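4 protein chains.
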Amino acid sequence: MMTNRICILLSLLAAGRLPAADDVLTRVAAHAERFGEVSRQIWETPELGFHEDKSSALLEQELRANGFEVRAGVAGMPTAFTASFGSGSPVLVVMGEFDALPGLSQKDVPQLLPVVPGAPGHGCGHNLLGSASALAAVAIKEEMQARGIKGTIRYYGTPAEEGGGGKIYMIHAGLFRDVDAVLAWHPADANRVNLGSLLANNGGRFRFYGVASHAAAAPERGRSALDGLMIMLNAVEFLREHVPQETRIHYVITNGGAAANIVPAFAEANLIARHPDAQVLDGIWERIMNCARAGALASGTRMEFVQGTNYANVLPNDALEEVLARAMQKAGGYEYTPAERSFAQQLQKTLGFEVKTPGPEHIETSKSETVSSASSDAGDVSWVVPTAQFTAATFVPGVSAHTWQAAACAGSSIGRKGMVVAARTLALAGVDILEHPAEVTAAREAYTKRLAGRKWTTHVPVDGKPPLDYAMK
Amino acid sequence: MMTNRICILLSLLAAGRLPAADDVLTRVAAHAERFGEVSRQIWETPELGFHEDKSSALLEQELRANGFEVRAGVAGMPTAFTASFGSGSPVLVVMGEFDALPGLSQKDVPQLLPVVPGAPGHGCGHNLLGSASALAAVAIKEEMQARGIKGTIRYYGTPAEEGGGGKIYMIHAGLFRDVDAVLAWHPADANRVNLGSLLANNGGRFRFYGVASHAAAAPERGRSALDGLMIMLNAVEFLREHVPQETRIHYVITNGGAAANIVPAFAEANLIARHPDAQVLDGIWERIMNCARAGALASGTRMEFVQGTNYANVLPNDALEEVLARAMQKAGGYEYTPAERSFAQQLQKTLGFEVKTPGPEHIETSKSETVSSASSDAGDVSWVVPTAQFTAATFVPGVSAHTWQAAACAGSSIGRKGMVVAARTLALAGVDILEHPAEVTAAREAYTKRLAGRKWTTHVPVDGKPPLDYAMK
Amino acid sequence: MMTNRICILLSLLAAGRLPAADDVLTRVAAHAERFGEVSRQIWETPELGFHEDKSSALLEQELRANGFEVRAGVAGMPTAFTASFGSGSPVLVVMGEFDALPGLSQKDVPQLLPVVPGAPGHGCGHNLLGSASALAAVAIKEEMQARGIKGTIRYYGTPAEEGGGGKIYMIHAGLFRDVDAVLAWHPADANRVNLGSLLANNGGRFRFYGVASHAAAAPERGRSALDGLMIMLNAVEFLREHVPQETRIHYVITNGGAAANIVPAFAEANLIARHPDAQVLDGIWERIMNCARAGALASGTRMEFVQGTNYANVLPNDALEEVLARAMQKAGGYEYTPAERSFAQQLQKTLGFEVKTPGPEHIETSKSETVSSASSDAGDVSWVVPTAQFTAATFVPGVSAHTWQAAACAGSSIGRKGMVVAARTLALAGVDILEHPAEVTAAREAYTKRLAGRKWTTHVPVDGKPPLDYAMK
Amino acid sequence: MMTNRICILLSLLAAGRLPAADDVLTRVAAHAERFGEVSRQIWETPELGFHEDKSSALLEQELRANGFEVRAGVAGMPTAFTASFGSGSPVLVVMGEFDALPGLSQKDVPQLLPVVPGAPGHGCGHNLLGSASALAAVAIKEEMQARGIKGTIRYYGTPAEEGGGGKIYMIHAGLFRDVDAVLAWHPADANRVNLGSLLANNGGRFRFYGVASHAAAAPERGRSALDGLMIMLNAVEFLREHVPQETRIHYVITNGGAAANIVPAFAEANLIARHPDAQVLDGIWERIMNCARAGALASGTRMEFVQGTNYANVLPNDALEEVLARAMQKAGGYEYTPAERSFAQQLQKTLGFEVKTPGPEHIETSKSETVSSASSDAGDVSWVVPTAQFTAATFVPGVSAHTWQAAACAGSSIGRKGMVVAARTLALAGVDILEHPAEVTAAREAYTKRLAGRKWTTHVPVDGKPPLDYAMK
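Protein chains in written order, with my numbering: chain B, 4 to 476; chain S, 4 to 476; chain F, 4 to 476; chain Z, 4 to 476.
Hint data in this document are derived by calculation from the structure and do not stem from the laboratory. Take the hints with a grain of salt, since some may be wrong.
As the list makes no split between identical chains, a pair holds if one copy fits it or if it spans any two.
Straight-line alpha carbon distances no greater than 25 Å define the calculated SDA-like cross-link-like pairs of lysine to any residue that follow [unchecked claim]:
#1 Lys458 / Asp321
#2 Lys359 / Ala455
#3 Lys359 / Lys452
#4 Lys458 / Val246
#5 Lys57 / Arg305
#6 Lys359 / Ser216
This one's a predicted model, so the numbers in the text were calculated from it and none came from an experiment.
The task is simple: from the sequences and hints, build the whole structure.
What follows is the structure, encoded as structure tokens:
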């Protein structure tokens, strides 16, 4: 492990990317080893959404130790917390996630090899996400102290990004009301800043309740819940032609009846819809709900909808993305050691396709507005506060999130090097924003322009209890 | 023609079926030739439902000439009429129909040979139906006069049985309120009295209205009326498993969109449902309506239902059927002349199957409760007044109604001989009922028992205008 | 327990139903207590199909002890066996079943009370079925010995009636080739002999294999197995209108995809079809298979069918049913003790409807040809050998098979009294057949007439291995 | 009329767009009046596809009169023709269409006012299309003669573009085999040259043949053709999720059964699919065919496909589009007279939306690759010969093709002015290509690059007879 840590520092120094003139980068470097260890510790004890007890406690403890005031268990979620330093405006938030994914347990080796088969693993690299953001927050705080920069730096520990939507409950709890700007990042296979977005999504379980009857002796006395479900889903298929072509609607039948000789009294599907624009999606969603109501009406059954994940698309912030682009260009990428190169090559062989993504030494900044097919509750935050995001090369080029390969990288020195790129970028951008009120104003204007008079809405009820057991079902 | 008429009389006399003791049969015989001519005249000018101008005028004129008081154009229908003789109770009604069927124009020859291709024809033998009932009414009236029988004999001219439902409007108009018993018959391929019923039916046009749009350029702006229709019809298919197995639901799509490159703004299906019990059918119908509503709801279109034919099943009347059975046994059948036998054999060759129905000399009376797959507005009458029906052998054995073969028979001497069997049966039964108050009481009791506390209902609105152009659409 | 046994004998004697003149009934009485114990022992260790190790061993042991030659593990099934006595023709087989049902564990009390929740139980009374048939076989054998009756009496231990189809593998193995007549019975809530049949059935799992793909990122690269399944099932719904109305087709979706954001690579439904006639069902089944093939064709997926249960309807045997009717009239029913009456009344209260079935003292014999909605592999036997069945009142009137109430009765003295009625009927009928060659001839003729030139067919392959683990899946 | 003609010339001269140095434009101007009259004459006698007898005869006569060698009735189509001048390579083809659209009869006034209600009209401006191309061909020919330019100039009269696919039969007949480059244009609301394409399309009639039966009496004997069709169409709905999102599939049901009480023996849908790439569309089409086959398989009916329109997308030719862009910049636009401006404003008021298209004085050239939702058999030509197209402002800005507004413009002086812009552009580009062999080489290279190893395919059979009555059905 020691070798790895030294290796990171040496490679960064060797690349000449820690200029004496820029103190905040020196501060990142000073804490990089410790937060690398934190990321590894979280990686070693992967915890599912709303159950990140050890992971959140560790991050809280590190931030407290570095002079932040920590409020744990906010917004009705035991593993959500805020860590704050300074006072008054501008208020800058750096967000951190730390939940793992089910079934992705994996060792830090370039072959499929679970630590515990079937157990959770950090296939989305949130161990790095939460740790790099904390590292940046600490460096920004030290820079504020050293140079007397006014304002507030906060770290928001946001649990259960993988479906539980912790950030939405934090919005509902008012924790973003006094915030001027939010910075976030996400592990990926490249260092990249642009105006890209994610798909808004909405989903949940459609449950139909009918009347059981012996299917051979008295089918006419039964009312089939499965009929209700199938009529709904058939109707959804007809809907596809008449929604914008970027829409996605997909489902599985999670309960299709108990026994073939009994008219099904219960049936259930899990359905998700997505669109690049949350407001357009809302209109489509109402039509899907009508398909479900129609299924119940036509079959003489009762339909119940259980709300699942509902994330908004990201409203990119043109001003903040410019700040981030400048920051990442200054932060720079990194290079593989021979061992890391070998690890990367072995991993890429398992992918089954030719990799075209550039390496981690590369920085890509553009004004591209591509839409990724993923979804995140960071999207919801972007509708209520000026927010900007980027990715850092924590995964070997070609590796996608939600794979065992990503989980392997997230525990490796490659992951930790990518995490430092993220922390450097966040730290530089954060200091930039706090020092220059014009950036805050520009961010607000950019936000207002993209919002274009619309308002954030969500299907997650304001007074709703967070679904703390969602990942256990 | 003369030969035919003499032939009928001779054959009846030869069979010894006009006993001097039973005057009403003598009276039937006396008018048989004339009403045979009437039936032929109606056959020669086939008129569709609600447009039976010549046919109803002819029957009205004959009844008036025979001393009946005629009220023409009753219940909002120009071709509906009542003809009455006598006063006070009991009130006996004999019903007569006279509408033709579209596309069944046919000469009185045993080969497919339309008079005018595509024109209407008497494929259901209603030219005989209306004429035999009138013949019976006249004979009963003369018998009442001759023997001083008290009460009222009426003939109801009921138009548009083939879909227009003339009798239902006559019920709504109160024309059956003071009636004690109704007798009716129908042309068929055998002389038969039993407790059989017909299927109740209900039907109409389901129209969906959507929003047109270019199907390639902007399908997402369209709301497809055809989608609404298909979602409805798919849902109806799922319904089939969960209705009693005797139910029938069948449909055609009468408008499936205007052009393939335009999202359909209009679509229409014509759907009919049937069941042996009108009240059960009503419950099923409401579920079909829900399928239609569901189609509109799921597709974002509007649905409109245009009521079509709605006929109740027949409530058989055990007491009146006994009266009819006795009457038909006394009335007797008839035999073919060599020419008729040859005609029958040629016609049977065109059927393509082996005929098992017995010949016209045969009388079949039983308490069988079989349900025919046909439907009639005589069913509705049977729910409001004690009503009984039977069939007479006007068609060659094996010939079904609604065929060109039936149309050929309905214009032939075979049809006219069968018609006399019907008139004789009606006349005997009619006199029996008028003379014996106990029969009226028994009929009422039998009716009440079969009704079992239920009430007649119909989807044809009480204040609805008869759809006088239904057969023209 | 002793009280119960004595009680049975006393009640039978009291009813005067053991006439000295009919020795075979005396022989049944002599063994009734022992086989009652056997039935209770099997009831106490309920074993699922093909796993009836203790049950079959116990019956084999009893039959061996009573002088039968036993061949265990026949036809590739460890729990199938034959027990034989005598030689030459006629060869009479009495069939016995002994498998339990999953999830129906129940104590012998009139309230829902499982011995082990979720464990198997004798909800179909097969503990009685196998024991009464063995009791009858022993009595017949003793009567043959005592009176020098020629021929062969066999007991066939037929496993896995509840879906495994043990008898079909025994037919395939040739075990019915030299048999002249087969007698069987089934536990029910009344003593009844008639010409009733059971529905033929066929079923199995339809598995679709597609190509997975991220449902949001690249749905066009996926081929949905669930689409294949839904297209198939939709097509099946359209089929309903165009099959005879007595047909039943019912299904559940047993796998509807893995996760909502992945195009399903696998989907599965379990579908069963039924019809009163196995040969008609075969034609319908081929059309269902075409729906499945169509689902695969239209969705670009692959379909695989895994054969499940396939039982023929029962061909009733008019001659043998007459023998059984005579026998049961002689055998007589039985009466409840006050304790049994109380048990019956408590149980009936749990049914939720008014019971109209007559009590166990009643014997109902008729030529009725009603079709029950159940299915059995005894149906298959009836297509290859003259076979007759009846029911005995082992369950309280109103209690259906496959319920906890039936399981409670099957372990009670009521069950054992009904079992004696069955054994007496079988014994009387068996001796009758063996003594009178004319009965065998008549049975053969009746069989040939009902077969009407048709041949038994099955979807269970001749060289197929019995699905020994079917009940465990 | 005279005023108009002078007006055109004056406005062109006034704009300084007839430089003495460029003789071909002078030549266009010399014939513009005559071909304007030709366009008007065709507009006044609108003829549907393959029935353009007068229109093609008129164009043939004009070209013959101007020294072209005309071959009429080529490729099995009475109204297809070629007109040729010169010999040897390069061979340049200018294509001309002249078919009208059903139901778009319209006077040259800015209000909806048919000449003959329901009659055909030139709603796609093909009267201008054919005439401008002929005008250009004549000018090019004169320029070749005057300056001794080598090579061949041809005019191809291509009938039935609106669905009949005349050009495809001309390809099959080998008429494009020796051609080096093809130029074409289309009437529109703007003067525009770019690399845009059209959607490839394919379509036709899916006919299902079943077995009729009385839907109430014997539905089980029927095989519903409508079921086959609905199963197919339902399957097509499921397909939508798994094709590229740019795909379009749309249909109408053109026959949904004869009568609601008869199981439909015939049913038909008209279905069209489209995609920006003909080869991708072919793969999708095969899957649609499988849906149709599945419908027949699942319903026990027979399916027949009747090929309809099948047009390839346009392969843009980068080299030729550059030639056209230069030519159109030199050719220039035109300006409205006050009367034309008033006409335009009145017409725009009938559109119901705000018009953003620039006026006819504007020239728009770009390398944009937008895909229009229209389709044309010019697409097929572009797959076999280097081909380039553009649009000229013959319609008032905001007016789409296939509208009465377009038909009104096509008969007005605005249409004829736009037609001259087209002719000038074609003439300049044509001379450019004939004079510079390098352009031909570049066109060939650009073609090969876009083709990328693919080959043109079509569902229109090589030996197929053109569907000469397609527009009459």
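Hint numbers not upheld by this structure, sorted from lowest to highest = Checked against the structure, the only hint that fails is number 5, while the rest are satisfied.
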